[in-house]
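With the hints as constraints, model all of the structure from the sequences given.
One letter stands for each residue in the lines below.
There are 2 protein chains.
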Amino acid sequence: MQDFTMRYPLTLTHILERSAKLFAAKSIASCMPEGVHRYRYADLHGRVHRLAHGLARLGIQRGDRVGTLCWNSYRHLELYFGVPCFGGVLHTLNLRLSKDQLIYIINHAQDRLIFVDSSLWPTLKEIKRALPDNCRFVVIKDEQSASKAETNMDYEELLSTSSDDLFAWPTLDEFTPAAMCYTSGTTGNSKGVIYTHRGVFLHSLALSMTDGFGLCERDTILQAIPMFHANGWGIPYAAFLNGAGIVFSGRSLQPADIARLIEDEKVTFTAGVPTLWMGLHNLLQTQRYNLSTLRTIFCAGAALPAQLIESYEKNFGIRFLLGWGMTETTPIATVNTLKRALDRLPEKDRYNVLARHGMPLPGIEVRIVDDNMHELPWDGLTMGELQVRGAWITNGYYNDKRTEQAFTDGWFRTGDVATIDPEGYMQIMDRTKDLVKSGGEWIPSVELENAIMAHPDVVEAAIVAVSHPKWQERPLAVVVPAPGKTTSILQREINDMLASRFPKWWLPDDIVFIDALPKTSVGKFNKRALRERFRDYRLPL
Amino acid sequence: MQDFTMRYPLTLTHILERSAKLFAAKSIASCMPEGVHRYRYADLHGRVHRLAHGLARLGIQRGDRVGTLCWNSYRHLELYFGVPCFGGVLHTLNLRLSKDQLIYIINHAQDRLIFVDSSLWPTLKEIKRALPDNCRFVVIKDEQSASKAETNMDYEELLSTSSDDLFAWPTLDEFTPAAMCYTSGTTGNSKGVIYTHRGVFLHSLALSMTDGFGLCERDTILQAIPMFHANGWGIPYAAFLNGAGIVFSGRSLQPADIARLIEDEKVTFTAGVPTLWMGLHNLLQTQRYNLSTLRTIFCAGAALPAQLIESYEKNFGIRFLLGWGMTETTPIATVNTLKRALDRLPEKDRYNVLARHGMPLPGIEVRIVDDNMHELPWDGLTMGELQVRGAWITNGYYNDKRTEQAFTDGWFRTGDVATIDPEGYMQIMDRTKDLVKSGGEWIPSVELENAIMAHPDVVEAAIVAVSHPKWQERPLAVVVPAPGKTTSILQREINDMLASRFPKWWLPDDIVFIDALPKTSVGKFNKRALRERFRDYRLPL
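Listed in order, the protein sequences are those of chains A and B. Its first residue numbered 1, the first sequence is counted upward by one per residue in the working numbering. Its first residue numbered 1, the second sequence is counted upward by one per residue in the working numbering.
Bear in mind the hints are in silico, worked out from the structure with no lab data behind them. Where a beta carbon is used, it is the ideal one built from N, C-alpha and C, also for glycine. Hints may be right or wrong, so weigh each one.
According to the in silico footprint, chain B covers these stretches of chain A (three or more CB under 8 Å from chain B) [unchecked claim]:
hint: 1; region: 10-24
hint: 2; region: 239-247
hint: 3; region: 339-346
hint: 4; region: 351-365
hint: 5; region: 383-396
Each computed SDA-like pair below joins lysine to any residue, with the alpha-carbon atoms no more than 20 Å apart [unchecked claim]:
hint: 6; chain 1: B; residue 1: Lys21; chain 2: A; residue 2: Arg367
hint: 7; chain 1: B; residue 1: Lys266; chain 2: A; residue 2: Ala341
hint: 8; chain 1: B; residue 1: Lys314; chain 2: B; residue 2: Gln285
Pair ranges (Cβ atoms, derived) [what the hints assert, rightly or not]:
hint: 9; chain 1: B; residue 1: Lys314; chain 2: A; residue 2: Arg260; range: 37 to 43 Å
hint: 10; chain 1: B; residue 1: Leu342; chain 2: A; residue 2: Leu166; range: 25 to 31 Å
hint: 11; chain 1: A; residue 1: Arg402; chain 2: B; residue 2: Ala42; range: 37 to 43 Å
hint: 12; chain 1: A; residue 1: Lys519; chain 2: B; residue 2: Met373; range: 54 to 60 Å
hint: 13; chain 1: B; residue 1: Arg40; chain 2: A; residue 2: Glu313; range: 28 to 34 Å
hint: 14; chain 1: B; residue 1: Lys348; chain 2: A; residue 2: Asp264; range: 30 to 36 Å
This is the structure in structure tokens:
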């Protein structure tokens with residue numbers, strides 16, 4: 001039987017054109033070094049069309065990778081739409097990567113063109129010789145002081161010398177690659193993940209669901225997640241789809257900057273990693289801000305202690321929404337909305353549910369499996385490797401032999417270890433490689449870390465495996481104490497608290513105190529660096 | 001460049017399996033003649049699998065049309081999932097159609113099997129000989145008194161004799177037909193519209209958007225729209241997708257039944273045509289119900305006067321959400337959410353915006369065109385034929401030569417006449433064929449009707465074109481007065497009110513009072529019947 005639905009492709013071109021028409025007057029604000037830049041959706045639309053003419057003039061072809069090495073800003077958003085709608089592949093480069101990593105990634109993707117903020121040009125300039133011969137650069141002057149960078153093209157000049165006519169967008173199949181991002185893994189070279197128009201479109205719809213992020217036209221969304229990081233968690237696209245007000249954070253993501261922006265711009269929704277919200281929470285103990293417009297903070301990337309969720313809700317009236325995803329999952333795959341029936345839970349249990357990573361969005365499936373790929377029960381206790389499949393999950397890395405290990409039977413092997421409870425709430429317990437394997441049993445580091453970080457005198461904490469003559473591995477707690485705290489007292493308090501809540505064999509064999517935990521390029525605790533630092537640590541026997 | 005998103009199909013099978021797993025304990029309540037039947041998502045899931053085994057046993061093949069002639073109930077919902085997930089095409093039969101129409105439709109669709117409520121069996125029995133030879137029947141005993149209908153199979157027996165094992169669902173392409181529905185057009189034979197899995201899936205996501213219907217797990221949704229009417233406006237699928245509580249109305253849709261159900265079941269969301277909400281509004285003037293749980297009523301199918309929206313909001317705290325769609329559009333294509341900036345409008349203007357039919361949902365495009373297919377401006381004044389295209393719009397009628405007239409350049413010609421304002425809010429002014437063409441100019445009947453119906457002593461009103469020696473056509477107002485009202489006074493008041501608000505040449509040449517307006521099988525005013533009744537009406541010259 002023939003089909004009878006229009007073959008109407010789900011593309012970013014549709015999002016761009018529809019939203020610019022329906023929400024022409026909506027505002028996009030960007031924190032620039034010289035102050036806040038403001039313009040409207042209609043302005044972005046005109047400039048995106050000019051950009052497309054520019055790409056054509058520069059000889060960019062369908063399927064070409066076009067890099068960006070940029071901070072969050074309206075011009076980055078123009079590239080977010082201009083490159084994919086043109087038929088190119090937007091390749092966001094992580095500006096925190098080492099030079100070696102950038103060289104690897106740009107060569108691997110074979111970028112033809114890179115748009116670079118003038119403030120970041122020095123990085124590229126240094127590695128220029130190691131990049132593909134035919135790779136050219138367009139410099140975005142993002143600082144008043146910046147001089148035009150040598151012989152490179154200037155972004156504003158590219159736009160202003162382009163035609164004023166609307167660009168005739170190509171008709172794209174919805175499976176056309178729209179963007180790509182390399183994983184921020186801590187082992188080996190980064191792997192390239194490609195996002196298709198369809199994937200990003202469906203992901204944007206899912207974030208707009210009431211039980212997704214609930215994004216809507218009435219929102220003013222603070223984009224604090226770096227746009228070089230998995231499409232900025234897909235939020236810029238979803239924001240534009242809904243006609244929401246958009247605010248781009250500046251380069252500094254200190255809690256005080258974020259708090260001030262929320263207050264000044266009357267932000268209703270924002271998202272970020274736990275470290276940021278722990279920092280903001282500390283700030284709010286001493287500084288007063290009016291954050292009353294903020295309805296929700298979405299948090300992912302690592303665990304957030306239930307106590308913090310509770311404190312935000314009770315003390316500041318701010319609701320946390322947890323979730324989980326990876327570069328490979330566009331990136332949001334699960335979101336934690338509390339089912340109505342769970343409102344009746346005792347308060348402590350309710351916050352414990354809220355601290356889980358949520359249920360799979362429609363279009364996404366999750367499962368946990370054992371080492372033999374047998375599916376494990378959703379009992380909230382059994383830990384297994386989390387696997388995921390669905391409508392916006394990648395099915396392979398770009399030109400990378402490591403694809404084979406990462407996929408099985410149509411499922412993506414996340415490398416995360418999780419439990420799923422009978423209600424369907426998934427909780428990440430650890431990365432497979434961060435698990436402490438003691439005497440053949442797994443000890444999940446994340447639960448211990450959360451418990452330690454809930455102590456008021458602890459700033460950050462991580463658990464790492466240290467080798468042990470009898471048990472193969474045992475857990476070591478690495479803790480950053482609050483300034484001026486006596487570590488001997490803190491050590492005793494942490495030990496007592498853990499002993500009261502966890503099996504004896506889970507308890508860390510020792511606690512060391514350091515000044516700060518090393519972080520990855522996207523702000524997560526760098527466990528790999530920690531493990532190396534404490535590789536030879538001698539545990540008390 | 002190769003694509004890199006999983007080819008994960010958007011199907012009803014995904015919705016069924018995901019929701020039954022995540023929301024197993026959620027409740028589905030059905031008003032049956034003997035009382036309210038209640039069970040859980042998990043119960044539905046088990047029975048749907050049994051149903052699939054039953055379909056296989058009956059020899060149903062992929063692509064076969066399987067009819068339903070049923071009231072709203074949990075068993076109809078089982079068929080909503082069982083037939084499409086099996087790979088069949090659910091063909092919902094409108095139980096208000098004439099026997100001739102049913103005979104035409106069932107033969108045209110070539111239904112292999114029809115599931116029929118025992119209370120509706122007499123209708124089918126009478127026309128049985130005129131139906132396809134190989135069409136069989138399964139009777140759903142929906143009344144205690146009903147005896148097993150002759151030699152037909154019994155639905156519960158079909159299920160109870162089926163295997164307990166989970167059925168192995170086929171892997172379906174997302175463009176596979178899932179359901180079909182014949183239009184309720186008033187001219188010629190009904191036309192068959194086919195819904196694909198993809199179309200219904202995307203439609204369900206759109207209704208779940210905060211700026212769609214905002215459906216979510218916390219909702220309890222009263223399904224009052226008949227399920228034989230364009231998938232019950234797609235709401236049962238969207239409700240299940242979200243894990244919402246579902247309440248199926250009984251056979252009577254009188255305002256008092258609806259009000260009682262909302263109160264008893266703590267309904268948060270419902271939908272229906274304007275006549276129902278006008279009736280409920282009248283009822284609420286004299287009867288008290290606790291409708292405090294109801295957050296939103298979605299209303300489409302015809303215009304709803306702004307005054308009614310205002311009165312509901314002010315007197316009963318109930319928010320109306322207007323929209324537009326057709327059988328051909330799955331059916332919801334536009335929804336009216338008020339942009340934040342419009343909160344500042346003067347109250348009267350705000351309600352006038354709320355009474356428009358809204359903006360196209362993501363994935364949908366609208367335009368208005370003149371007779372030469374030139375696109376007309378979005379100025380809120382210029383009227384043109386509304387055309388629509390997008391991801392859940394049909395691209396043709398099933399085996400029907402009338403497809404050609406209905407589509408142009410990839411756009412569906414709706415036959416509605418509309419304006420679109422600069423903000424993108426569309427407003428249906430009329431059906432092309434209901435327009436009054438006076439001296440070469442269009443007079444939109446809907447605006448006049450709304451104005452007349454806003455009079456407190458008017459129950460219903462319609463404008464029809466009557467032929468006129470000089471102006472070709474002139475408008476006649478057909479009005480149903482409230483009981484006991486003096487029509488001569490009412491006539492003068494209506495004339496004065498219209499004269500104060502509309503151009504002189506729009507004013508009806510006469511007003512006639514009747515007891516009730518004829519309705520179509522889905523509850524809209526039957527203008528065709530009215531036009532025939534007043535075809536020879538002599539207007540005062």
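Q) Broken hints, numbered, in rising order? A) none
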